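Asks: Residue numbers (the working numbering), protein chains in the order written: chain A, 1 to 196; chain B, 1 to 196.
Honestly, the hints are just simulated from the structure, not real lab data. Check each hint, because a few of them may be wrong.
[What the hints assert, rightly or not] Only part of the chain B face toward chain A is listed, based on derived beta-carbon distances under 7 Å:
id, residue
1, Asp-13
2, Gly-156
3, Gly-157
4, Asp-181
5, Tyr-188
Fair warning: this is a prediction, and the values are worked out from it, not measured in the lab. Just so you know, even glycine gets a beta-carbon here, dropped at the ideal spot from N, CA and C.
Number of protein chains: 2
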Amino acid sequence: MSTVLIDISMSLDGYVTASGSRPDVPMGDGGERLHTWAFGEEDRNRELMANAGALGALIAGRTTYDQSVLWWGADGPTGPARRPLVVVTHEVPTDVPADSVYTFVTGGVEAALVEARRLAGTADVAVMGGAQIAQQFIRAGLVDEISIHVVPVLFGGGKRLFEHLGDQHVVLERPSVVETDSATHLRYRITDKEVD
Amino acid sequence: MSTVLIDISMSLDGYVTASGSRPDVPMGDGGERLHTWAFGEEDRNRELMANAGALGALIAGRTTYDQSVLWWGADGPTGPARRPLVVVTHEVPTDVPADSVYTFVTGGVEAALVEARRLAGTADVAVMGGAQIAQQFIRAGLVDEISIHVVPVLFGGGKRLFEHLGDQHVVLERPSVVETDSATHLRYRITDKEVD
Numbered sequence: 001m002s003t004v005l006i007d008i009s010m011s012l013d014g015y016v017t018a019s020g021s022r023p024d025v026p027m028g029d030g031g032e033r034l035h036t037w038a039f040g041e042e043d044r045n046r047e048l049m050a051n052a053g054a055l056g057a058l059i060a061g062r063t064t065y066d067q068s069v070l071w072w073g074a075d076g077p078t079g080p081a082r083r084p085l086v087v088v089t090h091e092v093p094t095d096v097p098a099d100s101v102y103t104f105v106t107g108g109v110e111a112a113l114v115e116a117r118r119l120a121g122t123a124d125v126a127v128m129g130g131a132q133i134a135q136q137f138i139r140a141g142l143v144d145e146i147s148i149h150v151v152p153v154l155f156g157g158g159k160r161l162f163e164h165l166g167d168q169h170v171v172l173e174r175p176s177v178v179e180t181d182s183a184t185h186l187r188y189r190i191t192d193k194e195v196d
Numbered sequence: 001m002s003t004v005l006i007d008i009s010m011s012l013d014g015y016v017t018a019s020g021s022r023p024d025v026p027m028g029d030g031g032e033r034l035h036t037w038a039f040g041e042e043d044r045n046r047e048l049m050a051n052a053g054a055l056g057a058l059i060a061g062r063t064t065y066d067q068s069v070l071w072w073g074a075d076g077p078t079g080p081a082r083r084p085l086v087v088v089t090h091e092v093p094t095d096v097p098a099d100s101v102y103t104f105v106t107g108g109v110e111a112a113l114v115e116a117r118r119l120a121g122t123a124d125v126a127v128m129g130g131a132q133i134a135q136q137f138i139r140a141g142l143v144d145e146i147s148i149h150v151v152p153v154l155f156g157g158g159k160r161l162f163e164h165l166g167d168q169h170v171v172l173e174r175p176s177v178v179e180t181d182s183a184t185h186l187r188y189r190i191t192d193k194e195v196d
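Given only the sequences and the hints, what does the whole structure look like? Please build it.
Replies: Okay, here's the thing in structure tokens:
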């Protein structure tokens, strides 16, 4: 079966948004620093972004969708690669861009994953956030790999990626590491869950 | 002036102890996994530990001292290298090992740093934890570098390293990265504090 991965940018102190997140500043004050690496000129960052285009489908929460759809337009987070994005939501929005890559699923994360796998075929599925959706996937044991882009900043506040996971230890393999100027890219495979 | 660094092992989800920490299990249930890398056979881990011996002095909180002194004995955390350890405490303990490396400072983190610098001469000073002491050093702007040994595990609970830092962003330089089987060693220089 294809791989399901969490793929998200995080400050060294564990935040995926800075504090002060609000509708017109969804990443929080200065939080856009987390995504600078993706728009940089460095070849290795470009390669990492190209890999995103090789994904079969992506999954995001409704808040992430709402905060991003104006920038993404109909093409979604992968731009011209137009990979399908499955949005986990309570209610399907009425004003979706025409001819878009978006699919809305109201049955929770498991149902979203079934739909994303169907759309992805044999290719991988990436959960891009927000934090709550990522946490739901980890808690439900649906994740094979965790890909974290660690950005060299301490935010001191905001929304944490790793929270509400319960006390069960999740053991990871040694990560693959890619260093670039603007982030350290760590990709871990989950080996086992254990209470130790 | 010599460098002041935070030097601490952390789970990928940001914990420096696992949950269930108690006097006879100070690292929490399974928390000793965070320190496995330091006792491994890998050459690069040995080198990293040897670097600890090159430090001029270390600083720890009282709880860390109390939980560790039985294992450390008179030599302290660096073993035969016998680097001085300055302990931040409210009250000087009465039963300190004879001929030990320990100095107790009751004047808070600034006073502890003055004493550690005096003991270190031109060599570097490392703050080894616990989390509260590390946070006090970061908040007070006393830290030049942050050296994190990221261990591939999610604890889901325990004591967080990065907490109570306030909302001011602390910008770090691109880290030096050393990969070993049991941890990813990231060392960051703090470049600037900014509210952005």
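Asks: Now, for every hint given, state plainly whether the structure supports it.
Replies: Going through the hints against the structure:
no., hint, verdict
1, Asp-13, "3 Å, holds"
2, Gly-156, "4 Å, holds"
3, Gly-157, "5 Å, holds"
4, Asp-181, "6 Å, holds"
5, Tyr-188, "6 Å, holds"
Of the hints listed earlier, there is not a single one the structure fails to meet.
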